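*Asks:* Just remember that the working numbering sits 572 ahead of the position in the sequence shown, which is counted from 1.
One or more of the hints may lead you astray.
Computed list of lysine-lysine pairs in BS3-like fashion (alpha-carbon distance at most 25 angstroms, straight line) [claimed, not checked]:
#1 1027 to 931
#2 1022 to 835
#3 866 to 694
#4 856 to 866
#5 1022 to 931
#6 1176 to 666
#7 597 to 931
#8 931 to 694
What follows is a set of in silico ranges between Cβ atoms, one per label pair, in the way DEER data are often shown [unchecked claim]:
#9 723 to 597: 32 to 38 angstroms
#10 759 to 578: 24 to 30 angstroms
#11 747 to 978: 25 to 31 angstroms
#12 870 to 1052: 34 to 40 angstroms
#13 859 to 883: 55 to 61 angstroms
#14 676 to 1098: 27 to 33 angstroms
#15 808 to 1053: 48 to 54 angstroms
#16 1167 to 1124: 28 to 34 angstroms
What the hints contain is simulated information worked out from the structure, not anything from laboratory work.
Just so it is clear, the structure is predicted and the values come from calculations on it, not from any experiment.
Glycine included, every Cβ here is placed at the ideal spot set by N, Cα and C.
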Amino acid sequence: MAISCDVAIIGGGPAASTLGTLLRKYDPNLSIALFEREVFPRDHIGESQLPHLMPVLDEMGVWDKVEAADFPVKIGGLYRWGSSKDLWALDFLKVDSFQDIPRPAQYTGQRAQTAFQVDRSKYDKILLDHAREAGCQVYEGVRVVNILHEGDRINGLELVEGSDDRRTPLNGESLVQAKWYVDASGNSGLLRRKMGVEIDAPTELRNIAAWDYWQNTEWATRIGIGGTQILVLSLDWGWIWFIPLGPTRTSIGLVMPAEYQKKSGKTPEELYMEALTSEPTVSKLVANASREGKFETTKDWSFVSERLYGENWFLAGDAAGFADPILSAGLTLAQTGARNLAYTILEIERGELDADWLKQSYSDVQSRRIRDHIRFADYWYSMNGHFTELKEYCAVIADSAGIQLRPEDAFVWMGSGGFAGDSLGVPGTGTFTISAVKYNIRSMTGSYPKWEVEKYNSFRLNTEGAEKIILATYQEGRVYKIPCLKRGSLVLPDMLSYGAMYAALQVESDPELLLERYAFEAVKRGLRLDPEGMVRRGIEVLEAMLGEGWVVGEVKPEGRFLGMASTYPEQFVHMGWIQQGVGLQSIDPRQGGRVILNWNEYRKLQSPDYQLA
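With the hints as extra help, turn the sequences into a complete structure.
*Replies:* What follows is the structure in structure tokens.
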């Protein structure tokens, strides 16, 4: 007999669990089956998350369960990378503003701005069990050994039981037949390989990762109740991650070029221990700790599958593509992508939108997400002055990727795929806001890229040569068509922040009136931010549109100029109106023109000497 279902998913990791859970949430009549070769719990790397993932966990109805597991709350990260010899922070939330809220907490306030550092042996099981509770049929300890297909259409999966006594019995059912098949098998890419899907490796990064788990290390940082930061430390020839997973367990890994390991004549484990004992910060943190002895290695090569779907199948999670772990984006990419795929299948089942358009939209969005993170990783490696033994390696990466070294050029290069993210309404790239992109560049080069909005006091829309297209956005279980303008590879969506600024620019050019109009239009489109946050978002949108050529700036005899100033290593950007001889006045309409930086402070922060300090 055959197992029959609507959607058969190869794998039981976070992408598979997310997909299954959301399919069942929005259409309980769908039958979903997951086939996982291992029996959970089992260890897995990729433990550090980003805040972009938290709304997905909440949508799945599993955030409270993850919070109840008492994983450390990730506030951000501490890095020794780029041009500075000192540690610098890249945080989601100001450390001094983190409140001591008893746990388990609720998904609101500061907890909606942070993330988790998860022990994957526990986290993945929580998600898989949750998918089971949602009504998915879950098979553990069951391997897919063959994929039956004719041309580009899959006709079935052949299964065998593993040897683990805890496996799910097949009871003689060794064949799966489904309407839709999804490869969420991770790096194995079972279906991807069987269907002959090629992969594109748009980078010269060729790393390997080596890691083990440790008991009773010190934490690098403890922030309030359960708060911490990931620690990323550069070596001359690689980098170390240090990720607390709970009260006693820590994941410590080493990433290095595969070619370096080969030429060293040493085993990965020898290099791993050499790195940990020679790095002063880590050696202190593990001084009284013990290894669990679960040392493993894996190939750590970034790639994107050349197609993510076929006639009746899709690729999801790491089977679709993988980006270097330096930005901690693995789980976020996998689970946000699985969410979009769930919406895609649900919409195809409804039959209201064109199936080919839905499939291609899923593929375009997820491929771009992965490529954006690969692009960021290329920049991080190319600009790391600590890699003294990898200069040639980094030069090849920079040359291959076409990386620009001047801060302003680097900003344009990072956004060359467009700043309109997969949500279409919020400007950014690689899960970073415009401000965060500029902060990244400052941390790498020692100099902030200038803000284009500071140069002008009048702005006008420029849509010359653009064509009208329709793109997809994914909200509350549905896929919606969003009208956009496209010019080359750049997109201007008429949605949320972009749509609000697009509308405002059609009636205003003076920056004060423009930002007032933007706030009005943003509220109409459903944006809910405090007054200062609304204006800050408007400035970031305007900056992105200037950088992409959707807006042309001009200098008029009358009109105020915006000013931007940052006190490195703080991430916060002071945004205000320049008042000559007085200083920077608040953009918050509630502040009545309060001076947030006096003239001397503002000028000091603008000086080249400070930029290079």
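*Asks:* Is 55 to 61 angstroms a correct range for the gap between the Cβ atoms of residue 859 and residue 883?
*Replies:* Since residue 859 and residue 883 have Cβ atoms about 57 angstroms apart, the given range 55 to 61 angstroms holds.
*Asks:* Confirm or reject the claim that residue 747 and residue 978 have a C-beta distance inside 25 to 31 angstroms.
*Replies:* violated (59 angstroms)
*Asks:* Holds or violated: are the alpha carbons of residue 1022 and residue 931 at most 25 angstroms from each other?
*Replies:* Between residue 1022 and residue 931 the Cα gap is close to 39 angstroms, so the pair fails against 25 angstroms, i.e. violated.
*Asks:* Quick one: are residue 676 and residue 1098 within 27 to 33 angstroms, going by C-beta?
*Replies:* holds (30 angstroms)
*Asks:* Using the Cβ atoms, figure out if residue 723 sits within 32 to 38 angstroms of residue 597.
*Replies:* holds (33 angstroms)
*Asks:* Take the C-alpha atoms of residue 1022 and residue 835, compute the straight-line distance between them, and say whether it is at most 25 angstroms.
*Replies:* violated (42 angstroms)
*Asks:* For the pair residue 870 and residue 1052, does the Cβ-Cβ distance stay inside 34 to 40 angstroms?
*Replies:* holds (38 angstroms)
*Asks:* Starting from the range 24 to 30 angstroms, see whether the pair residue 759 and residue 578 falls in it by beta-carbon distance.
*Replies:* Once the Cβ atoms are compared, 27 angstroms apart, the range 24 to 30 angstroms for residue 578 and residue 759 holds.
*Asks:* Next pair to validate is residue 866 with residue 694; report whether the Cα-Cα distance is within 25 angstroms.
*Replies:* holds (16 angstroms)
*Asks:* For residue 931 and residue 694, compute the direct alpha-carbon distance and say whether it is at most 25 angstroms.
*Replies:* violated (33 angstroms)
*Asks:* Using the C-beta atoms of residue 808 and residue 1053, is the stated range 48 to 54 angstroms upheld?
*Replies:* holds (51 angstroms)
*Asks:* Sort out whether residue 866 lies within 25 angstroms of residue 856, counting only the CA atoms.
*Replies:* holds (21 angstroms)
Checked against the numbered hints above, the structure breaks hints 1, 2, 5, 8 and 11 and satisfies the rest.
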